[in-house]
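In case you want the letters, here they are:
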Amino acid sequence: MADTHAESVAYVRDGFLPERPAPARETGVVGWLRQNLFSSVPYTILTLATLWVIWQLGAAILPWLWGGVWHVDSIRACREVLEGAAGGCFAVLTERWAQLLFGFSYPSGEYWRLGVAFVLLGVCLAPVLFPDLPRRLLIATLIYPFVAYWLIWGGTPLAAVSGLAGLAGGAAAFRTVASRGALLGGIAGLAALLAIWWIGGELAAAAPGFLALPPVASRNIGGFALNMILGTVCVSLSLPFGILLALGRQSRLPIIKIACIAFIEFIRGVPLITLLFVANVVLAYFLPPGTTFDLILRVVIMITMFASAYIAEVIRGGLAALPRGQYEAADALGLDYWQAVRLVILPQALKISIPGIVNVAVGLFKDTTLVSIISMFDVVGMIRGPILASTEWNGVYWELYGFAALLFFVTCYGISQYSQWLERRLATDTR
Amino acid sequence: MKTTAFIGALAAAVLGTGAASAQTLEDVNERGALNCGVNTGLVGFAAPDANGSWQGFDVALCRAVAAAVLGDPEAVEFIPTTGKTRFTALASGEIDVLSRNTTWTFSRDNDLKFEFTGINYYDGQGFIVPKALGVTSAKELDGATICVQTGTTTELNLADFFRKNNIEYEPVPIETNAEALQQYNAGACDAYTTDASGLAASRATFENPTEHVILPEIISKEPLGPLVRHGDNEWGDIVRWTLNALIAAEEYGVTSANVQDMASSPTDSPEINRLLGTEGNLGEMIGLSNDWAVNAISAGGNYGEIFARNIGEDTPIGLARGLNAQWTEGGLLYAPPFR
Amino acid sequence: MSLSSEHQGGLRPSTLLNDTRYRGLTFQFLALLAIIALMAWLGANLVGNLAAAGLNFGYGFLDEPAGYDINQALISYTSRDTHLRAAFVGVLNTLLVAVLGCIAATIIGVVAGILRLSKNWLVARLMSAYVEAFRNVPVLIWILIIGAVVTVSGANPREFLGEEAARGLLFGGFAFTNRGLYIPALSLGPGAGIVIAAALAGLVGAILWRRAVPRTLHATGRLLPSWPLWVILIAPGLLANLILSDALTLSMPDTMSNRFNIQGGLLIGKPLVALWLALSVYTGAFIAENVRAGILSVSQGQTEAAAALGLRPRRIMNLVILPQALRVIVPPVISQYLNLTKNSSLAIAVGYADLTATLGGITLNQTGRAIECVLLLMLFYLVISLAISGVMNFYNASVALKER
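Just so you know, the protein sequences line up as chains R, L and G, in that order. If you use the numbering used here, the first sequence closes out at 464, no skipped numbers anywhere. If you use the numbering used here, the second sequence closes out at 342, no skipped numbers anywhere. If you use the numbering used here, the third sequence closes out at 394, no skipped numbers anywhere.
Any given hint could turn out to be false.
To be verified - These stretches of chain R come out as covered by chain G in the derived footprint (C-beta under 8 Å, 3 or more residues):
#1 71 to 80
#2 111 to 122
#3 282 to 290
#4 297 to 307
#5 310 to 321
What the hints assert, rightly or not - Some, not all, of what chain G presents toward chain R, calculated at C-beta under 7 Å:
#6 N35
#7 L36
#8 W111
#9 S216
#10 M242
#11 M246
#12 V389
Claimed, not checked - So the derived label-pair ranges between C-beta atoms look like this:
#13 L330/R - A311/L: 38 to 48 Å
#14 D364/R - Q26/L: 37 to 47 Å
#15 E113/R - A123/G: 29 to 39 Å
#16 V74/R - R157/G: 30 to 40 Å
#17 L330/R - S292/L: 51 to 61 Å
Think of the hints as simulated: they come from the structure by calculation, not from any bench. For glycine and all other residues, C-beta sits at the position ideal for the given N, C-alpha and C.
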């Protein structure tokens, strides 16, 4: 059959031609270049323009980086070393790095405490971030705030321990009594919590030296550590408030709904800086005379309010995205409101909201730099205040802001990459 | 410890109890530290050094008051304040005394209800310009762009000066002294105006200090001094007389070096004896221990020593005493008698 | 009997909590009480504190002379005008930079968002770098850095001044200096009203033409050319100005009359330039992400179907992708506008006199009226954001209507 065919149609080839390599201009470096950079005239122009931009940036930045001066003691010495050549005065970073990271009055022997606190933060966040890890590790996450509190502010660990014990005792009391009614359980839990806190407070006051680290006042914390602390504390505190606000906004009870909407829209409608002004210059007038909160505490309160409103909106999106049937199914099972919320609604809504919450968290972390405007020495405040004001470094500018930008970039880029990874992961789950 | 403080604050808030305004001295004693409001960073007057400890002319006054009240010049919490936050911080009781080169004006005294307890530096607003401009008088600055630090009396004086002389200018308001200098050095402003002391301090940090001149006009009076809240005269007196003690000490020749000597036994001068508590009971009258002035002077020396160490001619800031010399030497410093 | 026991039950306090009919009301009542109590407590503290400090709450200070000068004002303002007028100057400046910033940020964001999806590897990478660099660094740091960049990159105006200047004005009327951007100003002569009316008529005509194009296309299948649009837009105003010679003239910046600065012309001050640039580049990065997400949300099949119909790539983008993507893009972009407006409150970092710098800055400093100023400041931003949210809701509603 094949033979006849071959005889009758003489030009049919009876074997495959060997594959020839693709033309040189379509493969390898050249092919890649042609496809990706020079596929048409407009693309070529675009590519050349881009190259020009990169060249300009590189020409401005690289010599400045290479020629940098790293070990002198003032900007005048920098100028002498450089003698007009291009180069940054990075000596300010080598001399003041500790101030930029930890503020100028955190005791220098205790820097390790902040370092340990932040390393532990990474470790203890892991169970939240990576769902594959054993659930038991979440206990570490729960304990973390108290450990970090003790590490950062120092003093006796008794206060932190009693704080934790109070929470645990309260939860236990709630569990045992809750079968007789949620309200009764709540009261019992609260009573246990306050009792343990009170005892713990007395204990801590009685034995301030027990296992004590040197205490550090909050106003002595500064630099990038202050940004980290404000960001972490405010985001964690704002989560529960945000959930409550979002539920309140979806509530069928008109007064609660109106109150929540008013709060959320008010907070979202004003810039954070005006809320910080409130914290700094107005709040004192609204509190009884003689109550002087720490500035840092007032700022934490205002930023937490700010973050709660934004997180509430994200979670509201998650709640709205849940199919109506979920609510109805929970009702049909005879669950009451809080049971339905706790067991059916929130677990699903929160899962949908996680990327949004991470976005808010990153935005909020960046916004903590605004505290520099109300005379707190965070990393920007350190630069604009003590460092630029000193006779040694007045005039150094790019190096300091570049360093601050780099710190934020590394942190925020890491978080946003994680969020995107999580988004991809969740996307495959739902399909 | 922090939690208990927090719970305490909450309890105080809930119960609505709080200190009335007229017991600052008790509060300070109870706290064991003086809360002193200072600048966020002005070299020579108040700025943390490389080791993080606050230094400067205004800071020295805080330390002197702390030494007089508590006996320890280190028992001070320095609370940095901006132009915007300083008055609320004082009014709300966050700080006990504001020592932040603040100009004594009528409205601050009467409308904002503060009590200026004296003048520790007589200043005036001046201009600095590059020599290359060839300007010799501020009145030649018609059409110039002028950098001015916002949140101070300087921008009001500037507006008044140019209006009075009927010439035009373009103001560039800047938040911090350091950024204003950066603008000025980059040529974004033709001139920079602030208190003459600040100009001299800043010129010292320039790349080429000799290429800039400070114009002869001083366009305002800037009596700078510490202030406290209205309504607590005892506390106001303590701050006022601590400052007076420092000034008087210079006049009488009491220095940080010889003050312990002089205080150990009565000297020939009754004035010095009363000041240092070896005679009479001035300390009791003011509600402090009898060696309050000794402590204040030991903290950082007398007025002259503080001046010389922080802003005097041997420092990079290099200010001459000028108006801030003793009245016996042609200046304006004149401490009322201690008797 | 049973009725009365039920009635009695209604009076028992536990029923208020356990009966679903009343529970909602009870909780709301308690919540209302709590809110009122909180407000009353705060108010009482405020009154007590103010009285103790001997201060009085009031807005009388707004009528007093401000005493300070503002470098960029859209309305006439001198240091003798009142604090109220200074605040109003600040309001206008905030709105000015917000509007300019929104326009520029949209352009930057759309271009960067589309280029980020480009098949050109280098361009896509550069745009990714731009977006990530700006999204991950605080806006305050960017404002400070860009402010410094503008300061050092502009020339000193003195280089333009005098007979033998080191630099000449670009096109005889433009100069970028470290004090700002000098451009020719429009000066109105006699008959300017007519010229402006003619130009407006041209604008209306151009809009009508633009609307007529798709209509004729749908009615007759004929695609009208696009060049008449530009003729209609430009010609009336130009002709009117030619006929009434010199009704509208350009007044050029003057480099001779002052030794410090260029005079005349229109100065777009450096603070405005810096803030505008910083806000629009920063917000542009966020808008780029929204645009990218919007375009990616339109399924690939749409592009392929349009290509199968024989549309060119540009028309695919304009007629198929963008209309569908816009529904996804616009809501987040409007909330970016809101963010930009709120971020403009950092203006003082580069010396721009927005509302936070005038009312919330210098006025607050000079009068010490912290509570009054901060309340007024919040009220203003609240009004602006409610207005922008209103626009967003209107848009959402109109898009939703079309959908069904």
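Okay, the hints, checked on the actual structure:
1. 71 to 80: holds (count 4)
2. 111 to 122: violated (count 0)
3. 282 to 290: holds (count 5)
4. 297 to 307: With 9 residues closer than 8 Å to chain G, the stretch 297 to 307 of chain R meets the three-residue bar; holds.
5. 310 to 321: Coverage by chain G holds here, the residue count being 9 at a Cβ distance below 8 Å.
6. N35: With Cβ-Cβ at 5 Å, under 7 Å, it holds.
7. L36: Status holds, d = 5 Å.
8. W111: With a closest approach of 4 Å, the W111/G hint holds.
9. S216: At about 20 Å, which exceeds the 7 Å cut-off, the nearest Cβ of chain R leaves the hint on S216/G violated.
10. M242: Violated: closest Cβ of chain R sits about 31 Å from M242/G, beyond 7 Å.
11. M246: Violated: closest Cβ of chain R sits about 34 Å from M246/G, beyond 7 Å.
12. V389: Cβ of V389/G sits 17 Å from chain R, so the hint is violated.
13. L330/R - A311/L: 38 to 48 Å: Cβ of L330/R to Cβ of A311/L: about 40 Å, so the range 38 to 48 Å holds.
14. D364/R - Q26/L: 37 to 47 Å: 60 Å Cβ-Cβ, so the 37 to 47 Å window is violated.
15. E113/R - A123/G: 29 to 39 Å: holds, 33 Å
16. V74/R - R157/G: 30 to 40 Å: holds, 35 Å
17. L330/R - S292/L: 51 to 61 Å: Since the Cβ atoms of L330/R and S292/L sit about 34 Å apart, the hinted range of 51 to 61 Å is violated.
Going down the numbered hints, you'll see the structure goes against 2, 9, 10, 11, 12, 14, 17, while the others check out.
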